[in-house]
Amino acid sequence: MCYTFQGVGRSGASSSVLERFRLRASLGMRGTGILRMRRAYQGDPPFGRKSRRHVVVGRAGLFPRPSLALWLALSLALALAACGDFEAQYHYLGQRKLSEDPMAVKTVFWPDDEPVVFATYRRSRDERVKMYIHPLSGSRPSCEAGPVTRFAAVADRRGFRLALFHEDEQRLGFYDSRCGSIEPTLEGVRRMGLRTSGGVHRFIVESLDGQLISADPFAHEAVVLAEGVRRTGSGVLPLPDGDALWILTDRGLAPVDLTGKRLAAYISDVDRFAHFLGRDPESGRRRALVAVERRGRVELLDETSVLFDGEARTKDERLWSQASACSPRIEEVIEHDLGGLDGSADLDSIGGLGGLAGLSQGDAPKPRSGSSTVGTWVAMFSPCADRRLLLRSEQGERLIVAEGVSEYQLLGVGRDGRPLVVFQVGEDEQQGSFVTLAGEDPIPIDVPVHLSTVGLRGGLSGEADALVLRFIRAMLRAAWVPGPRLKALRSCSSASTR
Amino acid sequence: MLHEFDGDVGTLSLCIARGCRRVATGVPSDGFHSYETIERVNASHPMLAFIDSADPERRAGQLRVLDRVTGSTFDIDERVQTFLPVELGSARGMVYSVPDGPRRGLWYAPR
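The listed protein sequences derive, respectively, from chains A and B. Under our numbering, the first residue of the first sequence carries the number 726, and numbering increases by one thereafter. Under our numbering, the first residue of the second sequence carries the number 5, and numbering increases by one thereafter.
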């Protein structure tokens, strides 16, 4: 026995839309259903005339009687609840093949209101790796770009751009969301980083011939910031966000703004330096600080090359040389450094992991200092103060986690608003204890772990905030893996013992 | 947390405040993601997706999802090598790759 229902559809809509009817069957039931059936139509045909409403009459054949229908619904609900597998019936059905090629899924990004998948594929050993974009909604075609060894997706208020780097050819190219090549293209690239200033992304490139270049793929321009840049390291440029950049050239160390204008005189005899991002305690303005080591002394300077603290010279010298006696000032700088280095960038490596959320193996995203997200904690790792790990909330709460910490990973925020952090005590990775802090109490992890084999994923806290934070970061900043801040801190530590 | 890692695969344990419990073995180093499905505003559902019993050489195995609320586990596909959960606006599902076999390719499973 079948009952007749009627619903209202709209011509020109997809069949899936037409199949969604608010039912009002003669059996007196109301509800919204997704029905798949063979339909019989009255009146105008449903397709062919846009926006013409029509009445659809079909035969559902679902419920013989109201009481039996109710009984069946209850039985079905009980059966699903009993087997505990309701989610399995609900989730991840209807797989759709995006490509015949089994590409490695690298990251998912959402520019231009349309989620896209970035995947890479190597067809053979001889063929170069390319990067593919697959829109999930299918509203535009897939595209490919390359060859590439590293790539990143960047979005800001000006749109969406791709940066593809090929290591062997030392070439950095930029592409739009349809994989179309755009200017500039930079050759002879030795290393690079991403810089964010005022919500605008720029790529800072160090070339093989000693130029430091600011590349803006949105404005299609590249500006030479400095020449004769001394090689200070390898890998990714550590670049805190801000309006100024300290550059070490053959003439010395000087702060330069992002148009190439030098802001202060050169400082000579610099042995090494490290960027910090500070915040003026009075105005709250972000300041590009630099710790300079020269002639056996360490100085802390702001972008005008003035000592950040009038007493910093002697204090720093003493404190940096005595690891056990760090001042609150130094710890404050280190804290800002932790927040600032979050803005530094590392290109997503094909051999590595996806970089949308800043997630990589063993390096979950760490909240930034100054974030407005409620419940955000900032990790403060002081190599000067007995390798102390502290957590500080935006509300000013400070939580001393442990001393003698050799490694840590701040995972996020738990449902109770408390930080989740995993850390290791002791320099010996084989013998150090491995502890997680969830809520108030440290919990020893009673499994045989070696630090290099421990993988952690952001969102382990099970907190929606983490996801939202990740998404906001992805939208506002870039699809990068955060810089290796622990390495930076270790170099600070090594400087202190020299 | 992935531990007992032999260089190819390891044991995946889920650690919460009360301790850790083993979820799967034979999990590649990049073979798990903890995430949340967002059903509506202020309502989310913690999930853990992972590759179970992976072939150490190909690092491909059964893609499974653990519902951390109900504790139920269900399968998505076999011979999966890489995957990412997607929870972006209207796009909610799983993107994954199958390197060989009859289902070879890049797949999207909407949730």
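For the record, the hints were derived by calculation from the structure and aren't laboratory data. You may find that some hints are simply not true.
[What the hints assert, rightly or not] Facing chain B, from chain A, some residues (calculated, C-beta under 10 Å):
(1) Leu799
(2) Gln820
(3) Leu823
(4) Glu825
(5) Asp826
(6) Val830
(7) Ser862
(8) Pro866
(9) Cys868
(10) Ala870
(11) Pro872
(12) Phe885
(13) Glu892
(14) Gln895
(15) Ser902
The C-beta atom is built at its ideal place from N, Cα and C for all residues, glycine as well.
Here is what the structure says about each hint:
1. Leu799: Constraint on Leu799/A not satisfied, violated at 20 Å.
2. Gln820: 4 Å, holds
3. Leu823: 4 Å, holds
4. Glu825: Nearest chain B Cβ about 5 Å off; hint holds.
5. Asp826: The hint holds - Asp826/A has a Cβ within 10 Å of chain B, the shortest such distance being about 6 Å.
6. Val830: Holds. Min distance 4 Å.
7. Ser862: Hint holds; Ser862/A Cβ to chain B Cβ min 7 Å, cut 10 Å.
8. Pro866: Status violated, d = 15 Å.
9. Cys868: 14 Å, violated
10. Ala870: Violated - the Cβ of Ala870/A stays beyond 10 Å from chain B, reaching only about 16 Å at its closest.
11. Pro872: 19 Å, violated
12. Phe885: Hint on Phe885/A: violated, closest Cβ of chain B at ~14 Å, above 10 Å.
13. Glu892: Check failed: Cβ of Glu892/A comes no nearer than 21 Å to chain B, outside 10 Å.
14. Gln895: The hint is violated - Gln895/A has no Cβ within 10 Å of chain B, the shortest such distance being about 27 Å.
15. Ser902: Violated. Min distance 15 Å.
Consistency note: the structure conflicts with the earlier hints numbered 1, 8, 9, 10, 11, 12, 13, 14, 15.
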